[in-house]
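If you read the sequence shown in the working numbering, its first letter stands for residue 1, the second for the next number, and so on.
Source of the hints: derived by calculation from the structure; they are not laboratory data. One thing to keep in mind: the hints can contain errors.
Said to hold, decoys possible - Heads up, simulated DSS-like pairs for lysine-lysine below, C-alpha to C-alpha not over 27 Å straight-line:
| hint | residue 1 | residue 2 |
| --- | --- | --- |
| 1 | K145 | K108 |
| 2 | K117 | K94 |
| 3 | K966 | K15 |
| 4 | K810 | K645 |
| 5 | K610 | K338 |
| 6 | K667 | K645 |
| 7 | K434 | K386 |
| 8 | K556 | K731 |
| 9 | K386 | K430 |
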Amino acid sequence: MRNIVDNYSLNKVLKSLDLDQSVVFRNKSNNNYDVQFHKDIQQKIESILPDAVYIFNSQPLILFFDLTKDNRELSDLYKKVWSFDNTSIIFILKDTGIEVFNALNYIKDKKQNTLEKIDLSEDEIKRLFNLWELESGNTWDWFQKEYIEKQKGKTHRKRVNERLFSNIKEVRNHLTSDSSLNENEANSLILRLIFIRYLIDRKINIDNELIPGDVENLNERRKNFIQLIKDPENLNQLFIKLNKRFNGVLFKETEFVLTNNQADYLSAVFAGELDGDDSLFKNFFFEIFDFSIIPVEVISGIYESLIDEEKRKLDSAVYTPSFLVDYILKDTVDEFLKNNKPEDCTIFEVAVGSGIFLVQSLRRIIEKEIELNGNDDKILFSEKIKSFAENNLYGIDINSQALKVTCFSIYIALLDYLDPADINIYQFPKLIGKNLFESNFFGKLNNENNLESADFEETIKNIQPKFILGNPPWKSKKDDVIHTKWLTTNNKTVGNFEIAQSFLLRVKDFMTFDTKSALILTSTMFYNVSKTTRKFKKDVLNTYCIDKFFDLSAVKQSLFDTQESPTSIIFFRLSNNNEHFNNTVKHHSLKVNSFLKNFRMLVIEKFDQKEILQKHFIENDWMFKVALYGNTLDFHFINKVNYNKDKIFDFVKKGKLLKGAGIERGKDCKKFEGLIGLPIIENNDINEYYTLTSKSKILSESDVYLSRGRNKDIFLGEKILLKEQSKNWNKPVISYVESDSVFRKGTFSISSNDKNFLKFLYTLLISDLYNYYLFYITGAWGIGTRPAIRFDDEYLNFPIVIANEEIKTKITQLFDSLLTPIKEFYLNNIKKDDTKFELKSANHKNPEPPIDNNALDRINNIIYELYDIKEYEKDLIDYVLNVSRYQFQESKQDLFTHKVDDDIELLKRYAEIYLNEFSKIYVDEYIQVEVYTLNHFIAMNFIMKEEKPDNPIIYSENKNIQSVLKSLANTLSVSEIVSTDNIEKNLFIQKDIKGFEDNAFYIIKPNEYKCWHRAMAWYDVAEFKEIIQEAELNELNKSAE
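Sequences and hints are given; from them, build the entire structure.
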């Protein structure tokens, strides 16, 4: 390690990693950093005081500390960094060398209290933490696999929010275990103690008698607080005082007093006493938590989880992530405050939960006030920010505890801006009942049990909020009488009584044409193709102008630890007449990446930012899916396929096909004797392509009491089986069965008297075109937690082009070529004895059946010809099959992000699109493509030539990054393509950088398969064409002048 730390210079260490131009250094004269952090992060960075910070996408991912000259109290530093939870790794430079730590894990035992050390050699540090590994995400992939995934679930390795949640939950369980405190009392007590500790860590004066000590001396005040907890009577006196100061929000119930045992237990919890390895308090970290750094939103969110009956059963907290709140506020409150006075910014939060939208909005309003008018006059300023809480923030929730948590959070936010920070000289505003209302969002019932306006409605309508924001509950509320009465009274339709859908429709009642709203919702309401959901979606799309739709469905596994519901954020305003039809929707989406999962960072690639007319969403049920995974060419391709009017379902209506679902037991069962004696194929035994019926499983009399699936005809003869659940979440299971057989719920069948037509249909269903089409029209595939494909609306919704007899004959032959070896495989795996035979499962130890890929290719080619599929459309299909359908699966990311610098054929096929397309435009000129393949990126330079080159594509041996960049353009440099200041210039966020020179143009992309897939070439060529044509048009216009 000596070479890296030569002369113990931080600059030299950073230079050895190529980071000297990519970090922000601390200005030691004023301890500031020349970068625009979010205000909250800025304050915490200035509290931790690293000597340098590596930033990616505005997030401080690595902190560097140089201790070769300055001494730091390391134990305090470790606590602060862990509590910060926005940094993953820290470097500490000492006289003896460099130490690297996992900033997300704090180790507490008798031997040491420290962050988890990462043991790396000099070469490993250079290999893992150089600029290119960091920017490309390779470092974070390594960090995720080695230090997060491998240890997931292990009790000794938890991030600060996980540890805080588990500690609070354990304390709560202990206090309620002997029934001495009920759940509300326990919640209230813990919240009070944490609130007091929060005030101490924030250096706020509370009571010099009960908690004596200098506000700057945290350890002294913490110890005195622990002593106070041991004294229940004096602790209760503090509660009474705080109740008065905080308007009865948190400390109102003072009738219960702690027992001595409870007091001793809680004081030990906050002290984190260690009596040995098996100590009850070993895993409590309250003495480690630094509440001056842990965001109040995290604490509030944890309490939101504890007061919600469903959420508190989970193993980790579920609350609105702050990075999603920031994303929403940037497009709403932040934009408004750029050109308006802070007092004009009114926010109404629906279903406040922890009040995170109100709290973060308040912070922004206060910051704007400071920017405009300063805060020198402390008294005037304190009254001003108090008025913001009273006049700008409004919210409702059905849970009174949630309102208390929200009020607590607002008070804390106000305290952060007070100077001096002393609760004894500041009167907090009374918000509950005036600004924060306990109410059902949909109204209240009068004495006649009829629906009428709730108490909060007049207040909200009078203030005419500029913004309505929130994260409504994601659950069915059929048992909510007020909710269901509102639906019937207003003639509204929502799927399965989903209350979030109703929230989206209800907010209209509180909006004006100046109101902008944004709600976090479950995505399924926009993808589900059921009749009720279609009606709901039509209502939404014809009522509002959708300004932006941020789709996070593809990252549902990364977004929440314990909840995998697909998520979207919808930004909307009221439509004026038919304005919505011509409105342009900004559609953003997110795909799986390590930055989101581990660092709560939204990295949105260029391909995932689109602008789409709202009328396309109105006219096409599948538009949300194409917007998420596809692009313009996919939109036109789907419409082209749909031009063929006859769907599979139409042939069912005409009687040419018979369709049905599997048998099901349930209510109103009836005996169906006609099925007795028929073989039954269990869902797990249905194989891809072909299933052989086993006579070892026969329906007996007790099996045929059924509520569904009693039409015997669908079980007779040859049939195509289609499973509701996809294989591995990414491939529909289509199987041919040749004999009589029954199947269960979760499987569907199609049969026909016309066997040739059935075989033709089978080849259509297993074709790449069908899989492509199905991917884009299904509501659950790539969206839902357990993606189920609907039978009538999706499987049978494919348009059929009728084949002539010649094609049918070819198809029949290929059908046999494909299935015969598969059938023989299963026959050879039959195990017989004297009384029965049964199939060995091909899903266990036996190899997979042989698939004739040549037959499949020929089938696909016939289907392509039948549907007149162009070359670029084949590329679109291939992209879906090899990239898109895996993008929502964390375990499948390597399939489309692997390196391709040595895949000459792939790069050639990409470059050929340019050669072919531009040859149609420049008939008198030629293009030669220079290909530069480097470890982290690949570049192509397209040079215009007057003479036809011998080799249209040449591959450079140059591997020097700086030299390659200069070959493309004199202005290009490393800092230009991996800019940490401007994400629009960052190669690894935008996924491409394009540029023009006098006689050439170039493109640079990351060394990833998906970036150099042939389908992407069509989009890239179209973008180059548009730029070139626009430049030529401008030249013509100048000449005309």
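| message | Run through the hints listed earlier and report the numbers of any the structure violates, in increasing order. | response | 6
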